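Novice: Numbering (our numbering), first residue to last: 362 to 536.
No wet-lab data here; the hints were simulated from the structure. Computed from a predicted model, the values in this text were never measured in an experiment. Some clues are possibly wrong.
Unchecked claim - Derived CB-CB ranges, DEER-like:
| no. | residue 1 | residue 2 | range |
| --- | --- | --- | --- |
| 1 | 401 | 449 | 18 to 28 Å |
| 2 | 488 | 517 | 12 to 22 Å |
| 3 | 536 | 468 | 12 to 22 Å |
| 4 | 452 | 506 | 18 to 28 Å |
| 5 | 444 | 489 | 31 to 41 Å |
| 6 | 397 | 536 | 17 to 27 Å |
| 7 | 535 | 467 | 42 to 52 Å |
| 8 | 406 | 486 | 11 to 21 Å |
| 9 | 529 | 434 | 33 to 43 Å |
| 10 | 437 | 521 | 35 to 45 Å |
| 11 | 404 | 534 | 18 to 28 Å |
Said to hold, decoys possible - Result set (EDC-like, lysine to aspartate or glutamate): computed pairs, CA atoms no more than 16 Å apart in a straight line:
| no. | residue 1 | residue 2 |
| --- | --- | --- |
| 12 | 469 | 366 |
| 13 | 523 | 407 |
| 14 | 460 | 382 |
| 15 | 490 | 407 |
| 16 | 469 | 452 |
| 17 | 490 | 382 |
| 18 | 469 | 382 |
| 19 | 469 | 380 |
Positions of the beta carbon are idealized from the N, C-alpha and C atoms, including for glycine.
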Amino acid sequence: MRRAELEHLIRAAAAVTNEYEIVVIGSQSILASVPAPPPELVQSMEADCYPLRRPELADLIDGAIGELSPFHERFGYYAQGVGPETAVLPDGWQERLVKLQNEQTDLKLGWCLEPHDLAAAKLVAGRDKDGPFVATMLRHGIISMDTLVARIAALPLDEARKARLQRQARRLAQA
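Generate the whole structure from the sequences, applying the supplied hints.
Specialist: Dropping the structure here:
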């Protein structure tokens with residue numbers, strides 16, 4: 362996905378839900394902070410999002426511009442309607458959201474995860490693709506280890522799990 366495609370999805374999600382502010386919590390939220398990230402970070406053809414004020418309308422996003430929709434068939438990318446509970450995020454993540462708003466979003470607001478918050482959520486999710494994603498962010502200097510470790514410490518998890526995630530992050534930095 363490219364930034365222009367994310368802007369299109371924000372615009373479309375806002376139109377479908379009749380909401381002004383859309384939160385993007387998936388990997389493609391990186392495009393708000395890093396307009397031209399390394400190719401390894403933008404391989405996904407979907408953006409996970411929901412309306413800020415009415416997350417329950419995420420189903421409308423899935424139905425209209427989601428996977429296998431006419432929108433997806435036409436453009437080759439789509440939005441996945443999710444809820445705020447989809448990602449486990451560090452305390453204070455809402456205050457660090459990165460604003461994406463311009464003419465391409467039809468001046469609708471896209472609120473995207475700050476890269477360190479995204480990396481922490483990826484480590485919690487722990488899928489095969491998540492470790493390499495975080496390693497790429499570290500290798501390219503998109504995130505710093507010190508801030509990532511602090512964000513992991515702010516996750517709503519038990520201390521033992523946070524310690525394991527911090528060790529994993531340090532291993533990824535050496536990969």
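Novice: Now tell me, hint by hint, if it's right for this structure.
Specialist: Results for each hint:
no.	hint	in the structure
1	401 / 449: 18 to 28 Å	holds, 23 Å
2	488 / 517: 12 to 22 Å	holds, 19 Å
3	536 / 468: 12 to 22 Å	violated, 41 Å
4	452 / 506: 18 to 28 Å	holds, 19 Å
5	444 / 489: 31 to 41 Å	violated, 23 Å
6	397 / 536: 17 to 27 Å	holds, 23 Å
7	535 / 467: 42 to 52 Å	holds, 43 Å
8	406 / 486: 11 to 21 Å	holds, 18 Å
9	529 / 434: 33 to 43 Å	holds, 38 Å
10	437 / 521: 35 to 45 Å	holds, 42 Å
11	404 / 534: 18 to 28 Å	holds, 21 Å
12	469 / 366	holds, 14 Å
13	523 / 407	violated, 28 Å
14	460 / 382	holds, 10 Å
15	490 / 407	holds, 14 Å
16	469 / 452	violated, 26 Å
17	490 / 382	violated, 28 Å
18	469 / 382	holds, 6 Å
19	469 / 380	holds, 8 Å
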